[in-house]
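Asker: Order-wise, the sequence lines are chains A and B.
Under our numbering, think of the first position of the first sequence as 2, with each following residue one higher.
Under our numbering, think of the first position of the second sequence as 3, with each following residue one higher.
Careful, some of the hints might be misleading.
[Said to hold, decoys possible] Under 10 Å between C-beta atoms, here's a sample of chain A residues computed to sit facing chain B: (1) ASP44; (2) ALA45; (3) ARG104; (4) GLY106; (5) THR107; (6) LEU109; (7) ASP139; (8) ASN140; (9) SER143; (10) SER158; (11) ILE162; (12) TYR163; (13) VAL167; (14) LYS168; (15) ILE276.
Don't read these hints as lab results, they were simulated from the structure.
Because the structure is a prediction, the values reported are computed rather than measured.
Cβ atoms here follow ideal geometry from the backbone N, Cα and C, with glycine treated the same way.
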Amino acid sequence: MSFGLPPVFAYALRRLLQAVPVIILIMVATFLLLKLAPGDTVDALVGDMGGADAAYIARMRAEYGLDQPVWVQLWRYMAKLATFDLGWSFVYEQPVSVVLMDRLGTTLMLMAASLSLAFTLGIALGAIAARKAYSLTDNLISTLGLVFYATPSFFLSLLFIYLFSVKLGWLPVGGIKTIAGFYTGWDHVVDVALHLIMPTAALSLIYLSFYMRLMRATVLEVADLDFVRTARAKGAGEFRLMIHHIMRNALLPVITLLGLQFSTVLGGSVVVETIFTLPGLGQLASQSVVQRDMNTLMGIIFLCSIIVVVVNFLTDVLYARLDSRIELA
Amino acid sequence: MKRHLRPLGLALAAAGALAAPAVKAQTEEVKKGGTAIIQMKGEQRILNPALRASTGVYYITGKIIEPLIDLSYDGYVPVLATEWSSSEDGLHITLKLREGVNWHDGEPFTCDDVSFTAMNMWKELLNYSSSLQAALESVDCPDPHTAVFNYSKPMPLQLFVAAMPDLGHPVPKHLYEGTDIMQNPHNTAPVGTGPFKFVEYERGQYVIAERNDDYWRGEEYPYLDRIVWRFIEDPSAAAAAIEAGETMESGFIGISLADISRLSEDDRFDVGTKGYENNVAHSTIEFNHRNPILADLKVRQAMYHGLDIDYAIETIMRGFAKPGRGLIPSAGGVNYTDDVTTYDYDPELAKKMLDEAGYPVKDDGFRFKLRHRPAPWGEYTQLWSEYYKQAMAEIGIDVELLQNDAPGFLTGVYRDHDFDTANGWHQFRSDPAVSTTVWLRSGQPAGSPWTNQFGWQDDEVDQLIDDAASELDPAKRAEMYHELQKQSMDKLPVIFAIEHPFISVTSKKLKNHHNTPRWNSSSWYDLWIDQ
């Protein structure tokens with residue numbers, strides 16, 4: 002089913018078609034799971050208000066369509082979703098698409114910074130540890146990796162805040178920018194970057210340890226293979242050997258992990274964004290659960306499903322680029 | 003002949019004793035300018051106090067949209083209304099409105115705004131108010147600065163006035179008329195007459211309001227240039243923010259009690275309950291009377307004797323509370339009495355009463371089991387439920403805690419009635435008829451939180467509640483509420499165990515803070531920063 006398209010496009014089209022039923026299944030399952038939780042948006046809103054009388058509550062429930070049977074609500078939601086209408090957030094009193102777009106940038110920025118840091122530093126440290134296997138350097142790096150692996154991000158976040166904000170006063174406690182700072186241009190960029198340092202570090206360290214440990218193991222494994230011995234026998238320098246022969250091959254499982262971990266980083270951002278009050282999708286998801294803001298939560302799940310499908314596709318393409326034995330067919 | 007009620011005496015008996023320190027800061031030389039940054043635990047999303055009655059909403063909008071009448075330590079004070087009076091039959095309440103006041107967009111404030119808001123929002127859409135104003139038939143405007151509220155049954159002036167600080171915020175008619183009120187963009191970008199003008203609401207992050215140069219109190223007010231409210235949900239991060247100097251006030255117990263206790267030792271902060279005298283709440287034990295064991299008064303009384311309230315106040319509330327004395331808290335002023343039956347901590351008596359009630363200790367060491375739902379309204383509510391479980395175990399009652407989030411709790415207790423006991427807190431709103439007597443009034447439809455969903459019904463109490471709500475004579479009303487309070491302690495439909503205000507941590511750089519009994523909800527026109 003290539004329709005005469007170049008292999009990458011044909012592959013993309015097929016993956017897209019495969020993704021549609023998966024996403025529909027995710028959305029239906031999520032909708033029903035959320036409906037199993039006790040209470041709805043109106044309960045949460047009335048709780049926020051400090052109470053309301055019964056007529057008021059009944060009117061709100063009717064207005065939001067929550068007085069209808071679950072299957073009617075599900076059908077209405079899925080019919081709208083088919084036209085990419087994510088509906089209305091009754092908590093934010095805005096279209097869900099607007100609420101999501103407001104938050105997407107922050108989360109993407111946090112994820113990009115965290116994954117870049119974790120990936121680059123992780124593979125570099127892993128490669129160094131492998132090349133100096135069983136030395137003091139290796140032991141130090143491996144121990145550090147274990148510490149990062151074992152430390153939960155919420156604890157790291159609070160530790161960073163206490164140390165760098167309360168005690169040293171170097172970094173802002175939270176938020177994405179200095180409120181009422183009214184910075185523009187380069188000053189704004191620096192301001193945002195300063196606000197992202199601690200959340201990025203808190204979110205990335207555990208993933209850094211994953212990449213580092215995996216990289217160390219695969220470099221050690223690849224370094225013993227015949228083609229490396231052959232290259233070395235033919236006179237290839239150690240640096241060239243490391244970059245062109247060992248790392249290129251060792252990177253394959255690390256890239257697989259990168260694709261797989263994209264969704265878990267998205268999950269990890271819930272905790273980090275909440276503690277650092279970063280206005281991203283993670284914080285929004287956490288608030289939407291508590292608020293029973295079904296439409297917003299469903300919108301987040303929908304958006305994340307699409308992001309994960311796209312990232313997995315890109316990982317596969319990258320994989321094929323790095324390993325010529327793999328074809329996109 | 004009309005009844006005039008301004009000034010309306012001292013509504014808050016308790017507040018009187020606390021009023022003196024309020025003026026201290028005013029003797030210092032005021033420094034103008036600066037930005038006050040305030041931490042808020044939760045985001046309210048709708049910033050229209052004519053649609054949402056909530057202290058979280060007033061925390062922000064109180065500075066932007068003013069009420070007709072506010073509450074000070076000296077009683078009710080004029081804001082947008084300058085005088086109020088009632089007809090002899092209680093069917094008409096007349097307000098004189100302040101002249102020369104403009105909305106932030108430059109349009110004049112008139113009776114049309116009051117009439118429109120009252121009929122379209124206070125009566126129709128505003129929680130609590132829609133019950134209070136159910137008998138409101140019209141609001142006439144004989145001239146632009148006189149508003150006459152017409153009722154189909156008597157409305158006590160005392161109740162009307164007491165409700166106004168929370169439930170009496172007019173909004174501009176010219177921005178709402180002809181629109182879908184619930185979807186109006188000004189619900190999140192409020193336009194008012196207050197000392198601060200709305201600037202920006204960045205969802206999940208902050209709200210900014212800046213000085214209104216055209217404020218009606220005169221050009222010297224407000225003192226501040228700007229107020230920023232930062233939303234910080236995590237209590238530890240919130241404590242770090244105020245400690246690092248990034249915020250200047252954390253109100254409504256926005257950080258953990260351990261951090262509040264720690265910061266109370268820090269010279270940089272004022273920590274206390276002052277300014278919350280009108281925002282007191284009861285921590286409760288609520289019974290499901292559908293359970294035949296709990297329907298027995300002797301069992302409920304025994305359970306009360308099994309609770310060491312003083313211990314709970316010291317260890318859980320860190321001393322910032324006092325024992326409850328029934329339905330109405332001491333902030334109820336003339337409507338409050340402490341001449342009621344009390345239940346001292348006496349576990350031996352509790353055990354004896356439970357034996358007598360026919361519930362001896364069985365082989366497993368317990369008399370019976372209760373499924374308990376704790377409200378997730380913050381740390382102290384959780385701790386109170388854990389203490390309750392331990393205290394009940396001491397007298398042979400096995401309590402199972404069913405943890406749930408906010409919607410789960412409200413649904414489990416107030417809609418599905420799926421509980422034996424529950425605990426939470428309930429806030430008092432100036433007058434018992436606004437939102438307090440619904441706790442005991444039978445016939446409340448299922449699904450209304452913080453109302454009598456306990457399956458408890460008492461004809462005498464129902465009659466008292468109804469009569470007091472329409473009694474025009476304040477003295478007779480007070481007598482009725484005293485009787486109601488006595489009955490609430492004798493019949494124990496709910497244990498109103500602990501009365502507590504909220505707690506603020508405030509930077510000492512802020513001056514004139516917490517100088518009214520509902521300070522966090524007030525306009526802060528006289529707040530300044532010593533910088």
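Asker: Determine for every hint whether it applies to the structure shown.
Answerer: Each hint, compared with the structure:
Restraint check, ASP44 (chain A) versus chain B: the minimum CB separation of about 4 Å is within 10 Å; hint holds. Below 10 Å, beta-carbon pairs count as interface contacts, and ALA45 (chain A) has one with chain B at about 5 Å; its hint therefore holds. At its closest, the beta carbon of ARG104 (chain A) sits 7 Å from a beta carbon of chain B; the interface hint therefore holds under the 10 Å criterion. Evaluation of the GLY106 (chain A) hint against chain B yields a violated restraint, the C-beta minimum of about 12 Å exceeding 10 Å.
A least Cβ separation of about 9 Å between THR107 (chain A) and chain B falls short of the 10 Å threshold, and the interface hint therefore holds. Look at LEU109 (chain A): its Cβ only gets to about 15 Å from chain B, farther than 10 Å, so that hint breaks. Because the closest C-beta pair between ASP139 (chain A) and chain B is about 36 Å apart, greater than 10 Å, the hint is violated. This hint is violated: ASN140 (chain A) has a C-beta 34 Å from the nearest C-beta of chain B, more than the 10 Å allowed.
Hint status for SER143 (chain A) relative to chain B: violated, with the closest Cβ pair at about 31 Å, above 10 Å. With a least beta-carbon distance of about 8 Å to chain B, the hint placing SER158 (chain A) at the interface is held under the 10 Å criterion. For ILE162 (chain A), the suggested interface contact is upheld, since its CB lies about 5 Å from the closest CB of chain B, less than 10 Å. Interface hint status for TYR163 (chain A): upheld, as the beta-carbon distance to the closest one in chain B is roughly 6 Å, under 10 Å.
At a threshold of 10 Å, the smallest CB-CB gap from VAL167 (chain A) to chain B is about 5 Å, leaving the interface hint in force. Evaluation of the LYS168 (chain A) hint against chain B yields a held restraint, the C-beta minimum of about 9 Å falling below 10 Å. Interface restraint check for ILE276 (chain A): the shortest CB-CB distance to chain B comes to about 5 Å, inside 10 Å, so the restraint holds.
Hint check: violations occur at hints 4, 6, 7, 8 and 9; the rest are consistent with the structure.
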